[in-house]
Structure formats: structure tokens, C-alpha cells
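There are 2 protein chains.
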Amino acid sequence: MSDPQIPASFSLGVPPGEDRERRICDQCGFIDYANPRIVTGVVAHAGGRILLCRRAIEPRKGFWTLPAGFLELGESIEEGARREAMEEARAELVIETLLGLYSIPLIGQVQIFFRARIVNDPSPGPESLEVALFGWDEVPWSELAFPSVRWALDHYRETQGQTGFTPFGNPPGTDQLKR
Amino acid sequence: MSDPQIPASFSLGVPPGEDRERRICDQCGFIDYANPRIVTGVVAHAGGRILLCRRAIEPRKGFWTLPAGFLELGESIEEGARREAMEEARAELVIETLLGLYSIPLIGQVQIFFRARIVNDPSPGPESLEVALFGWDEVPWSELAFPSVRWALDHYRETQGQTGFTPFGNPPGTDQLKR
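So the sequence lines, in the order shown, correspond to chains A and B.
Heads up: the first sequence begins at 74 in this note's numbering, then just goes up one per residue.
Heads up: the second sequence begins at 74 in this note's numbering, then just goes up one per residue.
Same shape as in the complex, but just chain A (with noise of 0.2 Å):
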């Protein structure tokens, strides 16, 4: 079964010393290590209501998420999240503390959440539909993008105005779901 991801051009082995499958190229040699990625984001707020941006690409294009994205080479994960929110929704954020931290080995990520708070006035971003501010009641959730949204929305409320809290792992259960 061929993976339309992989070129043509690459072989599954095991490199010398190494006791793990790896992709190599058959014309360079080139070792594809590839590692789970870090996605980074926030549940930011303002008034006490919620930033959401419907999604105006590919995956769960029109569907609502929290700005987050992969962490890219060069950056922490707060400044990944900030440039996230930028990006996402023109929102300009003050880091409040670390709320979520969650292993999705399906699809090879760790996602970690921040709360942060927001002093500008969002717009969207080209990566954006709208974005807009919920309150709690009126969060879209039958149309929410991801399950990990979902996640990171009971963690905030959860610990909404708290300090000082371990930051949540998985749901029960939910770190188990394997490739």
C-alpha cells in the first residue's frame, strides 16, 4: 500500500546502531527522522467571553478552533502561541499560565494549551473565516474542529480565575489511541 506522503523515492530501514525503523532515501541517504509535533495554542479571553476562529482551510475547513498551530524551529512554546494568535485571529496576548498538555500519538502530536488574555481587538487572520468572542453559553460546540478544543474549553473552565493548578493531561482514556 503506497502513502501518497511519501515519495517514491524513500525505503523503510533501520540505520546503523539504531534498533528503530526510520525512512531512508534511496538516492541520497537521506534519514527522515520523523518525530511527534508540537502544537501550541491558547484559550484567550476578553470580558469574560472566549476567542474562536472558524477555520477557512483544510482540515475541518468552516468548523470553529482555538488559535494554535506547530511550533516552528527558533521559537519557546509561549512566543509559538502568540504568533499563532497573530496569525489566526490578529489578537495581541498577555500569557496568564499553562492549562493543558495532551499526547495524541494518532496523529503524532503533543498539543499544550495555554490561558491568555487579550488586549487588542481580534480580526481574522487569512487562515480565518471570522473569528469572535463566546460566552460560555453560547460557544458553538456541535461545531467545534477538533476534540482537543473541546479539551482545552473544559480545562479553562474548569480553572477559570484560578493560579497554581497542575495542568491537565489527557481525558481518561484518550491518550491511548494509537496509530
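Check before you lean on any hint, since a few could be wrong.
[Claimed, not checked] Listed next, the in silico DMTMM-like pairs over lysine to aspartate or glutamate satisfying Cα-Cα at most 25 Å (straight line):
{"id": "1", "chain 1": "B", "residue 1": "Lys-134", "chain 2": "A", "residue 2": "Glu-211"}
{"id": "2", "chain 1": "A", "residue 1": "Lys-134", "chain 2": "A", "residue 2": "Asp-194"}
{"id": "3", "chain 1": "B", "residue 1": "Lys-134", "chain 2": "B", "residue 2": "Glu-211"}
{"id": "4", "chain 1": "A", "residue 1": "Lys-134", "chain 2": "B", "residue 2": "Glu-211"}
{"id": "5", "chain 1": "B", "residue 1": "Lys-134", "chain 2": "A", "residue 2": "Asp-92"}
{"id": "6", "chain 1": "A", "residue 1": "Lys-134", "chain 2": "A", "residue 2": "Glu-231"}
{"id": "7", "chain 1": "A", "residue 1": "Lys-134", "chain 2": "A", "residue 2": "Glu-91"}
{"id": "8", "chain 1": "A", "residue 1": "Lys-134", "chain 2": "A", "residue 2": "Glu-216"}
{"id": "9", "chain 1": "A", "residue 1": "Lys-134", "chain 2": "A", "residue 2": "Glu-160"}
{"id": "10", "chain 1": "B", "residue 1": "Lys-134", "chain 2": "B", "residue 2": "Glu-160"}
{"id": "11", "chain 1": "A", "residue 1": "Lys-134", "chain 2": "B", "residue 2": "Glu-160"}
{"id": "12", "chain 1": "B", "residue 1": "Lys-134", "chain 2": "B", "residue 2": "Glu-165"}
[To be verified] What the simulated footprint calls covered on chain A by chain B, stretch by stretch (three residues with Cβ under 8 Å from a Cβ of chain B suffice, anywhere in the stretch; the number is not a length):
{"id": "13", "segment": "133-147"}
{"id": "14", "segment": "173-181"}
{"id": "15", "segment": "235-242"}
[Claimed, not checked] Among chain A residues calculated to face chain B with C-beta under 10 Å, some are:
{"id": "16", "residue": "Ser-82"}
{"id": "17", "residue": "Phe-83"}
{"id": "18", "residue": "Arg-93"}
{"id": "19", "residue": "Phe-103"}
{"id": "20", "residue": "Asp-105"}
{"id": "21", "residue": "Asn-108"}
{"id": "22", "residue": "Pro-109"}
{"id": "23", "residue": "Ile-111"}
{"id": "24", "residue": "Thr-113"}
{"id": "25", "residue": "Glu-151"}
{"id": "26", "residue": "Gly-153"}
{"id": "27", "residue": "Val-167"}
{"id": "28", "residue": "Thr-170"}
{"id": "29", "residue": "Ile-185"}
{"id": "30", "residue": "Pro-197"}
{"id": "31", "residue": "Glu-231"}
Hints were generated in silico from the structure; no laboratory data involved.
Idealized CB from N, CA, C, for every residue including glycine.
Given chain A's structure and the hints, the job is docking chain B onto it.
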């Protein structure tokens, strides 16, 4: 200036629809999405003493470190921490709490440390010359392998016996070390 880590067939370029340079293979078009990698590790204790491993491999061969290593695809961060402790010190652990979350942009890493209790008798794995349990005053401070080993040990000491605290981030200033 050529980087021996980069095979000759890679060039830097901005993929269509993106805003950031990536390494692209000249021969097959493979895009190498390099993102920060996750190191997962533990400050593991038994009888009030802390487990350290003397490294049998470079970098920092011969120096003392905490059990830690790269998170692999298909595992949660807690599973990765337990695997590393087993590989490096044959240590079986019960993870107690999240201790620290450090960004090290200079080397493209996010390091996540847990506090854990050891439930067997550790012994050296193939990557360790020796393993030992140290009281706080016995720790070989001048022979620690990496700065983050010191950070995690200090944060362990500061919260010994506590739960329900917010994990530590970087010590002041250390998240600004850029490539």
C-alpha cells in the same frame, strides 16, 4: 558553508502556498518539515534519593544526566519518559506529576520533565556507563551533562513532596537563546 548533516541534494525554498523556507530535495521534491523535537524525561526518586545516569554515548559522554530522550511516534509523553528510564537505567516508574516544560530554541527542542517514583532496582542500559541514586548533597553538580538537568533538579527540590503546583518553565532568560 556546508552543513554535513544536510545531504547535498537538499536546497532551501519556500513551498507553494507557504511563507517559510524549508529544505526541499532537488531530486524528488520531498519537503523536510523540520519542527522542534520533544525530549521527555524524569526526575525519578527512591528512598529520598535521585536517579542519575552516566552517559556512555556522545554528546557529553561520561557526564551525568537524568533519564530522558526523544519522544517517538505512537507514544504519549508519559510513555516516552517511562521508555527512556527503562532503556537508560532499567528503571520501572510510577509517574507522579508534571515538573517542568522547557523551551530550548537554540537546539530546536522542547523538554518535558515528570517527577516519578522508582519501583525496582535500576541498572545501566546500553547508553549508560553506570547509574546511581544520589542524595541532594551527593549530586555530582560539576559533572552534569546539560543545563536542563540542573533546571529539572532544582525544580524537583523546590517542590519536593508537593502536588498541585504549576510546572516550571525556563529559568529567567534561558528561553531567548536563539539559533
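Hints, one by one, checked against the model:
1. B:Lys-134 to A:Glu-211: Not satisfied, since the Cα-Cα distance of roughly 56 Å exceeds 25 Å.
2. A:Lys-134 to A:Asp-194: holds, 23 Å
3. B:Lys-134 to B:Glu-211: holds, 20 Å
4. A:Lys-134 to B:Glu-211: violated, 56 Å
5. B:Lys-134 to A:Asp-92: holds, 20 Å
6. A:Lys-134 to A:Glu-231: violated, 28 Å
7. A:Lys-134 to A:Glu-91: Measuring from Cα to Cα gives roughly 40 Å; hence the hint is violated.
8. A:Lys-134 to A:Glu-216: holds, 11 Å
9. A:Lys-134 to A:Glu-160: Roughly 16 Å between the alpha carbons, so the hint for Lys-134 (chain A) and Glu-160 (chain A) holds.
10. B:Lys-134 to B:Glu-160: holds, 16 Å
11. A:Lys-134 to B:Glu-160: violated, 42 Å
12. B:Lys-134 to B:Glu-165: holds, 24 Å
13. 133-147: Satisfied; 5 residues make the cut.
14. 173-181: holds (count 4)
15. 235-242: Our answer is that it holds, as 6 residues pass the Cβ test (under 8 Å) against chain B, meeting three.
16. Ser-82: holds, 5 Å
17. Phe-83: holds, 7 Å
18. Arg-93: Since chain B brings a Cβ to about 7 Å from Arg-93 (chain A), closer than 10 Å, the hint holds.
19. Phe-103: holds, 5 Å
20. Asp-105: Status holds, d = 7 Å.
21. Asn-108: Cβ of Asn-108 (chain A) sits 5 Å from chain B, so the hint holds.
22. Pro-109: Holds. Min distance 5 Å.
23. Ile-111: holds, 6 Å
24. Thr-113: Interface hint status for Thr-113 (chain A): holds (9 Å vs cutoff 10 Å).
25. Glu-151: holds, 7 Å
26. Gly-153: holds, 9 Å
27. Val-167: violated, 15 Å
28. Thr-170: Constraint on Thr-170 (chain A) satisfied, holds at 6 Å.
29. Ile-185: holds, 7 Å
30. Pro-197: violated, 17 Å
31. Glu-231: violated, 14 Å
Hint compliance for this structure: hints 1, 4, 6, 7, 11, 27, 30, 31 are not met, and every other hint is.
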